[in-house]
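Number of protein chains: 2
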Amino acid sequence: MTDTNIKAGWIAVDWGTSNMRAWAMSASGTVLAEARSDQGMGQLSPDAFEPALLAAIGDWIAGPTTVIACGMVGSRQGWIEAPYASVPCTTLPERLVIAPTTHPDLTVHVIPGIKQTQPADVMRGEETQISGFLARNPGWDGVICLPGTHTKWVHISADEVVSFQTFMTGELFDTISKQTVLRHAIAADGWDDAAFAEGLDQSLSRPERLAARLFSLRANSLLNGLSGDAARAQLSGLLIGAELVAAKPYWLGQQIAVIGESRLSTLYIKALASQAVPATQVNAAATTLAGLTAAYKRLKG
Amino acid sequence: MTDTNIKAGWIAVDWGTSNMRAWAMSASGTVLAEARSDQGMGQLSPDAFEPALLAAIGDWIAGPTTVIACGMVGSRQGWIEAPYASVPCTTLPERLVIAPTTHPDLTVHVIPGIKQTQPADVMRGEETQISGFLARNPGWDGVICLPGTHTKWVHISADEVVSFQTFMTGELFDTISKQTVLRHAIAADGWDDAAFAEGLDQSLSRPERLAARLFSLRANSLLNGLSGDAARAQLSGLLIGAELVAAKPYWLGQQIAVIGESRLSTLYIKALASQAVPATQVNAAATTLAGLTAAYKRLKG
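These protein sequence lines are chains A and B, in that order.
Residues 69 to 369 in the working numbering are what the first sequence spells out, letter by letter.
Residues 69 to 369 in the working numbering are what the second sequence spells out, letter by letter.
Hints listed in this document are in silico derivations from the structure and should not be mistaken for laboratory results.
One thing to keep in mind: the hints can contain errors.
Intra- or inter-copy, both count: the list cannot distinguish identical chains.
[As the list claims (entries may be wrong)] Lysine to aspartate or glutamate pairs mimicking DMTMM-like chemistry, simulated, CA-CA at most 25 Å apart:
(1) K316 - E276
(2) K183 - E266
(3) K183 - D297
(4) K316 - E266
(5) K338 - D297
(6) K246 - D106
(7) K368 - E149
Chain A on its own, in the form it takes in the complex (with noise of 0.2 Å):
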């Protein structure tokens, strides 16, 4: 996985529930190399991170060295518990939270998630994206969404970000066309335009009737032949559709970037284009590696 050539000058990490990104890091900021593990947050026990790490990146050491960390890896089951900071606040964080290690020249630095009290929500990862993309564009005001298993909506204005809801879309569409009768009627890959605008046009008209919507799925693949591709489409649409709709206080008459991964970001742009609001489209593994780049020039002064 690792280049043995390669030293670090730092290392920036995104640890997710699911997999671990990192990524050597020259003193001037160049990536150097690269580095990938499927062993996420979600399957480690506190006193196994460090092991994970070095597994993937501990050729990179060559003296002391600094890691700067982000996502699941500060919650309260990850490597060490980095407490939120309180909305209204920067993305930049003030503290990092130094997690325990037994390597002699390793110092990991953990950034905190953020939490909003009323209504109750919490992003973990999402404001190290939110931080590289105003690195990247200073002074910008507006909405940033980015989408993915548990899409955030984020509110930034003055460098704060100032209130912030997550939507469980991205879990709901995979749990929905896997886990239940849907799965029956619901290809696993698979696409139709068609079948996603119409999704959509039912969820922005009568969102009311999102509940309606979902067998008629199943009834339409027995009973009309309704292909699997069209079924998933439409199921995306229904369901990124009610996510419009309640995030409408959001988007409405802001400008909106949006962070995530392509096909997925290009889904939410075409359903804010058709509520006549333009989005810009930004690269997510860039944006989190500024944030990062971010979090370690300001620890380093």
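Starting from the known structure of chain A, arrange chain B on it as the hints suggest.
Chain B only, in chain A's frame:
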């Protein structure tokens, strides 16, 4: 499971996806014995139904015996497909479908389900419960709600099913509470009436915000110590509330009968009462048996 002294006049069978339940009936319609099996349609190939049935009720057979069966046993993946009747239609089927058997004394008649083309919908098993309810309440007009994994709302007029709609509420509750991140927030059991009422009220007053409410359960658990019992009850309230809003064209201004498992039926009756809609609770098993009996009587003439 069975009593070898029982000789059935005929046998009533309710065969669903997960379970099978059978009753030995006297010619005059008295229940002589009951048997259950966990060999549901979901795990049986077509040629495995007869052995599964005989394993449960073979001892009841003394001479030529008629079996009347309803439920998923008649689906395309079942013992034999009993093609759907189309609405508008009576729930007492005009034609039963005979399943292939090898036992010389066994004749198995399967009750067809009901379909609706627009909006597409299907039922299998509920038609028999409705037919049993109507056999006990001749001339009844109104709306029948059958809560369960896939809750049905059914408009009955002049002894016919006029239209119906299925909601995946039970399956969504089960899947969301067990398979998503909310599993960390939701107790496996337990209840909180006030939290149910709060979830119900949230969905009834702002149904378009359902997508936004779900992750709040997780965040309220993390940040505000929302109990697992309260989160469980609130999720139930949110989903039943969303169903009620979408099913309003069914229940508004109608008399309502609720046929289902007792605890779940009580929740629907409470939810309807919150909208000032009175509803009558009906015992599900007795209704199924009454429907199977009505089909037997019609067959025998």
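Exercise for review: Taking the numbered hints from earlier one at a time, note which ones the structure violates and give those numbers from smallest to largest.
Suggested key: Of the numbered hints given earlier, the structure breaks none, since each of them holds.
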